[in-house]
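Asks: So the protein sequences, as listed, match chains W and F. Take the first sequence: its position 256, counted from the start at 1, is 256 in my numbering, and no numbers get skipped. Take the second sequence: its position 196, counted from the start at 1, is 196 in my numbering, and no numbers get skipped.
Derived by calculation from the structure, the hints in this document are not laboratory data. These numbers were taken from a predicted model, which means no experiment stands behind them. Glycine included, each C-beta is placed from N, C-alpha and C at the ideal position. It is possible that some hints are incorrect.
Here are the simulated DSBU-like pairs of lysine-lysine, each with C-alpha atoms no more than 30 Å apart in a straight line [what the hints assert, rightly or not]: (1) F/Lys-120 / W/Lys-252; (2) W/Lys-252 / W/Lys-101; (3) F/Lys-51 / W/Lys-75; (4) W/Lys-252 / W/Lys-75; (5) W/Lys-94 / W/Lys-185; (6) W/Lys-94 / W/Lys-75; (7) F/Lys-52 / W/Lys-252.
Anything over 12 Å on all C-beta distances counts as not near chain F; from chain W, calculated [said to hold, decoys possible]: (8) Tyr-96; (9) Val-117; (10) Leu-141; (11) Phe-188; (12) Pro-197; (13) Val-199; (14) Gly-200; (15) Glu-236; (16) Leu-260; (17) Phe-261; (18) Ala-265; (19) Gln-268.
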Amino acid sequence: MFIRLLLLIVVVAFSLTGCAATRSGPSQADAKLPASTYANGSTTQSGDDFLNAEPQKGLDSGFDADFDDWDAPIKLIADPFEPINRGVFWVNDKLYFYLFKPLARGYGAIVPRPARVSVSNFFSNVATPVRVANALLQLNLTNVGTETYRFIVNSTIGVAGLFDPATSVAEVRRAPADFGQTLGKYGFGHGFYLVLPIVGPSSLRDGTGTFVDSYVGPVRYAGLATEDLLLVRVFESTNRLSLDRDTYEGIKRDALDPYLFIRSAYAQRRLAQIGEPVYNLNILQAPVFDNEFFNPLEWFNLWQ
Amino acid sequence: MAMMKKIIITMLLFFPAVPVFAQPDPLNAVESMVNSVLEILDNSSLSLAEKKAQVSGRAQRFLSIESMSQRTLGTYWSSATQEQRDHFTYLFTRILEETYLNRIDDYSGGTVRYLQQRVKDDRAIVDTLIIADELQLPVQYRMVYEQQSWRVFDIVIDGVSLIMNYRASYAEIIRSQGYNGLFRLMEERVTGMSTS
Numbered sequence: 001m002f003i004r005l006l007l008l009i010v011v012v013a014f015s016l017t018g019c020a021a022t023r024s025g026p027s028q029a030d031a032k033l034p035a036s037t038y039a040n041g042s043t044t045q046s047g048d049d050f051l052n053a054e055p056q057k058g059l060d061s062g063f064d065a066d067f068d069d070w071d072a073p074i075k076l077i078a079d080p081f082e083p084i085n086r087g088v089f090w091v092n093d094k095l096y097f098y099l100f101k102p103l104a105r106g107y108g109a110i111v112p113r114p115a116r117v118s119v120s121n122f123f124s125n126v127a128t129p130v131r132v133a134n135a136l137l138q139l140n141l142t143n144v145g146t147e148t149y150r151f152i153v154n155s156t157i158g159v160a161g162l163f164d165p166a167t168s169v170a171e172v173r174r175a176p177a178d179f180g181q182t183l184g185k186y187g188f189g190h191g192f193y194l195v196l197p198i199v200g201p202s203s204l205r206d207g208t209g210t211f212v213d214s215y216v217g218p219v220r221y222a223g224l225a226t227e228d229l230l231l232v233r234v235f236e237s238t239n240r241l242s243l244d245r246d247t248y249e250g251i252k253r254d255a256l257d258p259y260l261f262i263r264s265a266y267a268q269r270r271l272a273q274i275g276e277p278v279y280n281l282n283i284l285q286a287p288v289f290d291n292e293f294f295n296p297l298e299w300f301n302l303w304q
Numbered sequence: 001m002a003m004m005k006k007i008i009i010t011m012l013l014f015f016p017a018v019p020v021f022a023q024p025d026p027l028n029a030v031e032s033m034v035n036s037v038l039e040i041l042d043n044s045s046l047s048l049a050e051k052k053a054q055v056s057g058r059a060q061r062f063l064s065i066e067s068m069s070q071r072t073l074g075t076y077w078s079s080a081t082q083e084q085r086d087h088f089t090y091l092f093t094r095i096l097e098e099t100y101l102n103r104i105d106d107y108s109g110g111t112v113r114y115l116q117q118r119v120k121d122d123r124a125i126v127d128t129l130i131i132a133d134e135l136q137l138p139v140q141y142r143m144v145y146e147q148q149s150w151r152v153f154d155i156v157i158d159g160v161s162l163i164m165n166y167r168a169s170y171a172e173i174i175r176s177q178g179y180n181g182l183f184r185l186m187e188e189r190v191t192g193m194s195t196s
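One chain only, chain F, in its complex shape (with noise of 0.2 Å):
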């Protein structure tokens, strides 16, 4: 009995030490992601407003904000105070969900195959096949792991990288107007996508 006690002390103690085995796989994640945002729009008796809502809350779970802040101001992220950075952050997060979430009403119905995973560490990237129409369109996942789940940092569209498109224009605009010339831009846009 008392070896009992011993042994299933020792497993307890050992679960949660090797979380390692206990990561869901990327691919899994990504794929939970797409399905649970074409559920909602693929869901008629929603309204358009509501699909935006609870999509944009869907797919935050699965995004990591944070790193996709960082990798986006690129060099500029370390010389970046916090409160510019918190500012960035917040805008930036803006900007994609206006981007994204203002496209719900083109969505036209289409078929995602998952191709493949690689895994490295922390780090991980997933192969998808995005079928629509006449359109076959590789997307690439890449994704890191952090708070228990493996989550989006970047998509990379038939070779383009989203995030490099934003680092590139965004490293453009600071070197030529400043942290303040990229702030007020990105506001402008902001105001601009959500009432147009």
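Okay, chain W solo, but in the shape it has when bound (with noise of 0.2 Å):
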């Protein structure tokens, strides 16, 4: 049941490429908070996946954050230019509903899903040197390592990006990293929000970094004229549309103000994408120890 809606307020938070840090909760969490004093939980099930984390101690300070914070004011990011942000926001609806949504329903129509998935892949597949390029410039050389390690295998076993073996076969997935994230990870806030003209939620920060992101796709220099490479763009964008299942309509149907409501999702999902595990969001890398008893440096005393 709560797929769909997981889904939606996801896909939102995807296809609107975005931004928004006013906050770091955790640094703050943590000082009121040791590791130790949370560490009376049980682990009840830990996958292969946990086995190979390192311990991190900032993770469960989103526990008390969360739970205690709640009725503090928040503001999750900045909004100067709300009338003309809503004015973008206006016109970008009815392009949606009359241009862009007419589109790709015609276009999943024609094109079996399967195809359309396939395409999708080989976007994200000659989009890698984007994603190693930020991880390297984040210093996160698991990443890099993953990215590459899945251009290696998606291009060659995965027929030029067509398929993405990488992940259904090896359970590698993509890791997915943005020039505005970087900047968010080295500390750099959002600006303010912005809402582009087709595009969608953005801010001074992650509208920055999309630009920048865009010279380091190889798309741009794969030799095309200026409009070929706006007919690949449109083409990527109505492929991606045809894939989501009606997001932006469940948002219209359900939220009071639909335009609060995606920039709040946008800030959060921004926010998360940083990577301050305010909201635990990478599970992966959940810690092993998450039980005193079970700590080995918990017997010795080595643990802080």
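Hints given; two lone chains; assemble the complex.
Replies: Here it is in structure tokens:
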């Protein structure tokens, strides 16, 4: 039942290249909550995924921050140009319903779903340099390795990236990274919220990131004329939209104010992508030693 | 014999005094919630209306409606009158119901992996992974222990907290239009959703 709504929120956040970190909860929470105090929980199931993971002290800081700060005023992202943003939002809304959505629907009716998934895989594979470059800038060598491995496997066994055996067979999943995120990791805030024409939710920081990333992606250097380049982009977006299952329609139907809903979903999602473990998003890096009793370091008082 | 009696009485007296040990796992609570809902969704002999009614009934046993409402209003909860709180709780419940129940017919299967739970006093976080089609979605349940069971008050989907999303929007609306403005919008939405 939830899957639909879950997908919806995620797709929004995904499709809207995003922005927004105004507060850093974990560091404050770290200070008031030493790791050992929370560790009275129990890990009932730890898949193979956890076994290689490093214990993360900051992980459970989100625990207290999220439970206790519920009545604190929240300002997820500054929006000084709200009237203008709302104007662009309105235009995008019309474009969506009268242009892009019908286009995607027609395209989806002609091209079968597996083919569209392959197109999406292909574009994702081609964009690997963007993720590798940003993983490098973030000094995240694990993700550099992950993306390189995926690129090699998917470009060969995966027939030029049309298939994704790295995920489906080897279970090595894509490690998304973009320049807005890289800036965020180095402490840059969003600046302010921006709704870009056609593109949708963004921010000063993330919009800049998107622009920079577009110079790293190889599509630009394929020697295409400007109008062909534009055509490729439209094709990519239409394909993506055809795989989406009415996310935006759902938001329009359910939210009191879709503009506010998308803005905060965007801000939260980007905050999670910056990687501070406020929401323990990356569950696969969860601490192995969640329980004091099973933590050998605890036995010798070496655990901070 | 008298000794035996004493022991038994002591045990009886003691037993309810240590409910801590009787607490079921929050992870098990999430699992039985998800399973009982999926059971209804997978039952093809039920009509859509029947499914909606049954899911609503079952899910509510695992949710803490009060916590959800309180956390959604955030700072405004403490300044609201009891009447406003009740009215808000009623409308918010209706909105949640309509939002989720309207999506029942979109359900197309998927599996759930239960990854881990963390417990601290009467609070818990349970991490799960939903696997559907080519997508993997981390879903986290935030829970409190009340009325002798673990109840969910927030769901965090791929880093986006549902309650925080509602709170950010609602706070903005209260600030610009007051409680009455918020209630009016909520009422409109409830009517709009249940007729569509």
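Asks: Tell me, which hint numbers fail for this structure?
Replies: Numbers 1, 3, 5, 9, 16, 17, 18, 19 - these are the hints that the structure violates, sorted from lowest upward.
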